[in-house]
Every structure is written in C-alpha cells, then in structure tokens.
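Asks: Here's the letter readout for the chains.
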Amino acid sequence: MHVVIVDYGMGNLGSIFRAVSECGSHTVTISDNPGEIVSSDKLILPGVGAFAEGIKNLRDTGLDTLIAKQVLEEHKPLLGICLGMQLLATWGNEGGKIQGLDIISGEVKQLVPHSPEERIPHIGWNEVHAVRDTVLLQDIEQNSDFYFVHSYHFLPGNNADIIAVTPYCGSFVAALNHGSAWGVQFHPEKSSILGFKVLRNFLEMPGE
Amino acid sequence: MLKYRVIPTLLWKNVGLVKGISFDSWRRVGPVLPAIKVYNLRHVDEIILVDITATSEKREPDYEAVAEFTAECFIPITIGGGIGSIKHITNLLRAGADKVAINSCIFDNPTIVSEASSRFGSQCIVASIDVRKRPDGTYECYKNSGTIPTGQEVVSWARSVEASGAGEILLTSIEKDGTMSGYDLDLIRLVRDAIKIPVIASGGAGNYQHMYEAISAGGASAVAAASIFHFTEQTPIEAKKYLAGKGVPVRLAHSFLPGTSD
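Residue numbers (this note's numbering), protein chains in the order written: chain A, 206 to 413; chain B, 258 to 519.
By construction, these hints were calculated from the structure, which means they are not laboratory data.
Among the clues, some could well be false.
Said to hold, decoys possible - Residues of chain A placed beyond 12 Å of chain B at every Cβ, according to the derived structure:
(1) R223
(2) D265
(3) L271
(4) I398
(5) G400
(6) L408
Stated by the list, open to error - Simulated coverage check for chain B against chain A, where a stretch passes if three residues somewhere in it have a Cβ under 8 Å from a Cβ of chain A:
(7) 327 to 339
(8) 452 to 463
Glycine residues also receive a C-beta, built at the ideal position from the N, C-alpha and C atoms.
Bound conformation, chain A alone (with noise of 0.2 Å):
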C-alpha cells in the first residue's frame, strides 16, 4: 500500500513521515505530484499554520480539485491532521472568510474560552471523546488524552460527522469522519503511543 502525504508547503512534514514509516510497511511518500497523488492508495493531509496560507498553497498548485476529486469521486481514504482537518471545511475564517476544500460541510472559528481558565492557544494534552464507534479511533479508551496545538476549530454543517469531541471552551470537534474523509485536530504523530495507535488505524482501514 501506499500513503501520500500531501506536501503544501505547511509546517512539519518530517515527524508525520516518521510517525507513519514506524507503523507499518507501508510505502511513505511526501509528495505534491499529482501523479503520485493520483496512483495513491491513501492521503495524508498535514498541516501546520493558518488557513488562508494553507489553501492559498493548495490553489497555487491545483491540489486543492485534485485532492477533492480523490475523496469525494475516487473515494479514497483520506487523513486531515489539524489545520489539514480545517481545510477540508466549507469556510475557514483565519485571515478573512476564505472558501476551503468543502470536503466535510463545515465552518472553521476561533475557539473562544468559556471561563479566564482556558487560554487560547488550546495547547497541551486533552482528552478525546468518542461519541460514536469508528475504526479511527477503536481500541483507544475512552477519554485517552491527545496533544493538541490550535486557536481554532471545526463546526461541522452535518452532527452525524462528529466521531470525538474534547471538553474546552465548551466542547469542540475532535475528530470527523464523512464518506472516506478522515480528520483529528489533535497531532497523532505527536501522541506518542496512542497516536501511533490511531495512524495504524487509519492505514490498516479497508479503501475502496
């Protein structure tokens, strides 16, 4: 099998890769090729940054159609971490209201604290909540703690996305799933074990 992930030009793409390589023997590529993209069996999208440099990156390339023809036509798995789960949105609203993928039904917002106790950035270690079974996050207790670095997150046009929550300012989306579009606001690969565990998950998941 092998899994692309999609360079764009944002943030750490060498612990995704490591984290990936160590799961399993898959054949990891970092990659903006469309080809490569093309004759993938699965994406990773990753992402560090802010929105509006994330999918200006994506347009600049044309990856932005090609990677939605993949999901949404070829339906191939596909994995958003962070700002790559935001991208998949409708809107985002970092740097102005900006159009993303529109992958997932969703707007993407600030998080804003429901008490002076939470800061925002949300950075650190929370739980995540699972609110219905998936193969993303099986065999993961309930409530495990995931590390997160984020101001902001995903509101998802449709509940029935929602797979994971995380108690902070209120609650917001931890991780999403619609059609073979796959996405966590937490890092796994910066997770440790757990986050192992949900990487393996995701590449040992059946594509069409």
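Using the hints provided, position chain B relative to the given structure of chain A.
Replies: Below, chain B without anything else, positioned relative to chain A:
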C-alpha cells in the same frame, strides 16, 4: 480537561547539553540525542531545546543537528536559539520542530512575531522572555541569553508579543535559573494575569512542590525545568504523580499502558 504540562528544558551548547546558574557557570550534563531519546521513551509531555550560544555567536540554528534530534521524537518539541528571520523559522519547522521559541530577535525586529504567526499560525510561535528583577521591584527583559538589558518592562513586553500573535510565553527568571530554590511566583502571576495566552514558568524548580506552586499560586499553564532533572533523582513522571496527588490535572494515563517503560 486540558492537562498542566511538565516540560524538561535542554540547553545545548556546542556539542552537548549544559546547565548553569543564572545563565552562567555552565556545567556539562551530557550529549543531546540520548537525552531526547530517553524523554521520548518516557512519554514526557513536551521538550524544549535551546541552542544557547547561537545568537551570541551570530550563528543560524543548526538545522541538520535539529533534524537528527527530532528524527526519533514522537512528542512535541520546541526549538529555540539563533532564530533571527522567517526563513530560520521555516527551516526549523521543516527540520522537525513543532514550535519555535524566539527571544532576542523580537527586540531587534518586532514585526517578526506578527509575520511568523500569520504565516505559521500563533500556535507554533513561543515568545521566550528572560527577565531580572530591578531594585524597584519591576522586571526588565534581557536578550542574548541574559547578557543584554533591553529596557523593556516585562508586563508591557508580554502584552506586546501577545498582541503581535505569539501563542505562548516561556517566562524565565534569570535570578532563579539553576538555583533550585523555587520559581519566582510573583513574576509568573504578574505576567499570567496581564495576558490571555498560556505561560510556561521557567527558572528555579528544585522539587515537585515548587512546580505545584507555579501552577496553583503562579497560574502557569506549564512548568519547565532543567537542573532538577539533570542533578537530582526527580523525574517528570514522578512530578506529575505528585501534582496529581495535589489535585492538578496532568497526563498520567500513558504510565498505565502495557509495554511502556514507565
């Protein structure tokens, strides 16, 4: 609930790790890579690694070394030292840093924080602030590893870097650094109350009770420490067990997982 973090700080000078007292009297404490590997195996919450001579030697960060250090690090790592431009930050993030800590260059080029946060997001830009107490009780910020006073008072400086888009503040008391006599709780509280982004307390941890005080009395979101982990038998995991016993939410679950070394 978001957990309070216990963060080992690694100070890197030339070929190895060092630790001093009040940013001076450096002692060698061993090579970098094995220390990072051990913390990774023990699932610490996060690591801060600072190249303490890069700025004064007018060097760029050593990206190759950083890439080597982060290669087997599956926990969050913040890299600081020698960062002077957006290009340096880009290269460090590419080399495997999750966050970067910037300090001296903000005084010389105040727009770097806003440029970096709009490009990479606030969440990966840590403003590191080193301070000394003035005779009148106020606190002054220093640059270049505590060697050059800047004339900036800490509260207004912290507010200014927050307004520019810093995502976190790493707040170090130069006087307390390496003394293991406890954090400067007044300093932590002062800065913490003035801003809304998380504050990492640094400088002075000598025991777990000090960490508890930085969180409970100081209001820190995380505690960074070096000497306590280099020179005593105390460890991050034991620190968190102590904090948990005091009712502080910390991440402990990993220690109960089968097959882990803790």
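Asks: Run every hint past the structure and note whether it holds.
Replies: Okay, the hints, checked on the actual structure:
1. R223: Incorrect as stated: the minimum Cβ-Cβ distance to chain B is 6 Å, not above 12 Å.
2. D265: Correct as stated: the minimum Cβ-Cβ distance to chain B is 15 Å, above 12 Å.
3. L271: Non-interface label stands for L271 (chain A): nearest chain B Cβ at 23 Å, farther than 12 Å.
4. I398: Its Cβ does come within 12 Å of chain B, the nearest being 6 Å, so this is violated.
5. G400: Per Cβ check, G400 (chain A) is inside 12 Å of chain B; nearest 7 Å; violated.
6. L408: holds, 16 Å
7. 327 to 339: holds (count 7)
8. 452 to 463: As far as the segment 452 to 463 of chain B goes, the hint holds, because 3 residues have Cβ atoms under 8 Å from chain A.
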